[in-house]
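Given only the sequences and the hints, what does the whole structure look like? Please build it.
As they're listed, the protein sequences go chains Y and C.
Residue numbers for the first sequence follow our numbering, so the first one is 1 and each next one is one higher.
Residue numbers for the second sequence follow our numbering, so the first one is 1 and each next one is one higher.
Just so you know, these hints were derived from the structure itself, not from any lab.
Take the hints with a grain of salt, since some may be wrong.
[Claimed, not checked] Below, a sample of chain Y positions facing chain C; criterion: calculated Cβ distance under 10 Å: (1) 13; (2) 34; (3) 54; (4) 129; (5) 181.
[To be verified] Derived coverage of chain C by chain Y (criterion: at least 3 residues anywhere in the stretch with Cβ under 8 Å from a Cβ of chain Y; other residues may be distant): (6) 30-36; (7) 51-60; (8) 100-111; (9) 118-131.
These numbers were taken from a predicted model, which means no experiment stands behind them.
Each residue gets a CB set at the ideal place from its N, CA and C atoms; glycine is no exception.
Here is how the chains run, residue by residue.
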Amino acid sequence: MNGASTWAWYDFSDLSTMFQDSAGSTPVTAVEQPIGRINDKSGNGWHATQGTAAARPIYRVDGSGRGYAAFDGTDDSLATGTITPGAVNKAQVFAGVRKLSDAAIGMVVETSNTTDSNDGTFFLTAPRTNAANLGFRSKGTVLADAQSASAFAAPRTDVLTGIGDISGDVSRLRVNGVQAAETLTDQGTGNFLSYTMNIGSRAGSSLRFNGWMYGLIVRFSAANLDAATISNAETWMNGKTGAY
Amino acid sequence: MDLFRTAIIPAANVVFARGLVAALSPGGAGMFTTPLSASGNTPATHFISSGMISAAIANLMPLQTWAFNGSWTLTGSTPGPAAVVHQAAVAAGFSCTLAEVQNLFTAADGTEQPPFDAMARLGLKIIDFQT
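In structure tokens, the structure reads:
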């Protein structure tokens with residue numbers, strides 16, 4: 001993440017960063033334990049928590065030995081405190097996920113309580129609608145949805161990359177290192193703004209992700225990442241995910 | 001120690017249930033926020049909460065077991081200790097009657113089933129929102 005303005009990094013295979021309670025007093029030590037808190041490994045302190053016991057994702061390990069957080073698609077989610085991107089209008093999101101269902105929109109990560117009405121936001125979804133697709137949204141004052149074709153039927157494991165550039169009018173979704181959707185319509189004006197970041201749901205109350213999350217990196221910056229750095233980040237995330 | 005539970009309650013009981021579980025445990029605040037209905041559209045007829053909860057709280061809830069052999073059959077039912085829960089809630093400052101707790105326990109569907117299995121058994125879907 002060389003050159004990042006600011007970023008957050010969650011690694012659901014790193015037991016040293018996860019706790020069963022939101023206060024961070026009881027570490028996750030074994031599978032089937034709830035994740036009430038995961039610490040941000042970036043050093044920026046944007047830890048994600050869940051105060052409601054039954055709404056915590058569960059730590060599990062897949063058949064290849066990779067640790068992940070299981071979101072039940074019913075009520076599980078995590079949320080950070082207010083993340084402050086700074087005066088920048090570009091964002092990159094990398095997520096290693098396995099979506100288990102295409103029955104309803106699954107919010108992997110969204111800044112603010114809804115991108116529908118809040119400016120300076122993004123989201124990454126799996127699926128994007130109740131269909132076999134994926135999506136990324138970048139928004140200044142006008143939203144730009146990049147929605148894949150319905151060619152990604154659950155269950156499937158992917159490294160998803162979202163590229164948002166408000167001033168450059170880019171909203172791009174990459175799947176396993178390959179561009180899957182792009183929208184170049186006007187995103188209006190402004191920067192990515194300071195909000196809570198919701199992981200696995202919209203605002204902890206709807207659009208819940210039904211699947212596994214291996215890792216998540218969110219970066220806000222003044223400059224776009226070059227292609228090689230994006231590829232390197234995807235390769236790193238794939239090492240955590242085993243998607244391709 | 002935590003135990004896995006799925007609880008589905010009628011919408012008519014949700015305000016009381018939210019207050020009760022929040023009084024019994026700090027980790028209970030925020031439960032029963034996911035709306036359900038038979039069609040997947042509003043209005044909500046039920047609410048669900050599913051996940052790992054402390055054994056101390058799980059053991060205060062009613063628990064049913066079901067078997068599927070072409071159709072669902074109730075194979076076991078442990079009523080929640082309503083009197084104990086009522087006393088604990090009142091001690092925690094939550095104003096309620098024993099009858100209200102008993103009414104909730106009678107109406108609640110509490111199991112160890114995965115949430116989508118429990119919803120399917122009851123013919124319920126999560127209300128589908130769009131964006």
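Non-conforming hints, listed in increasing numerical order: When the structure is compared with the hints, numbers 1, 5 and 8 turn out to be violated.
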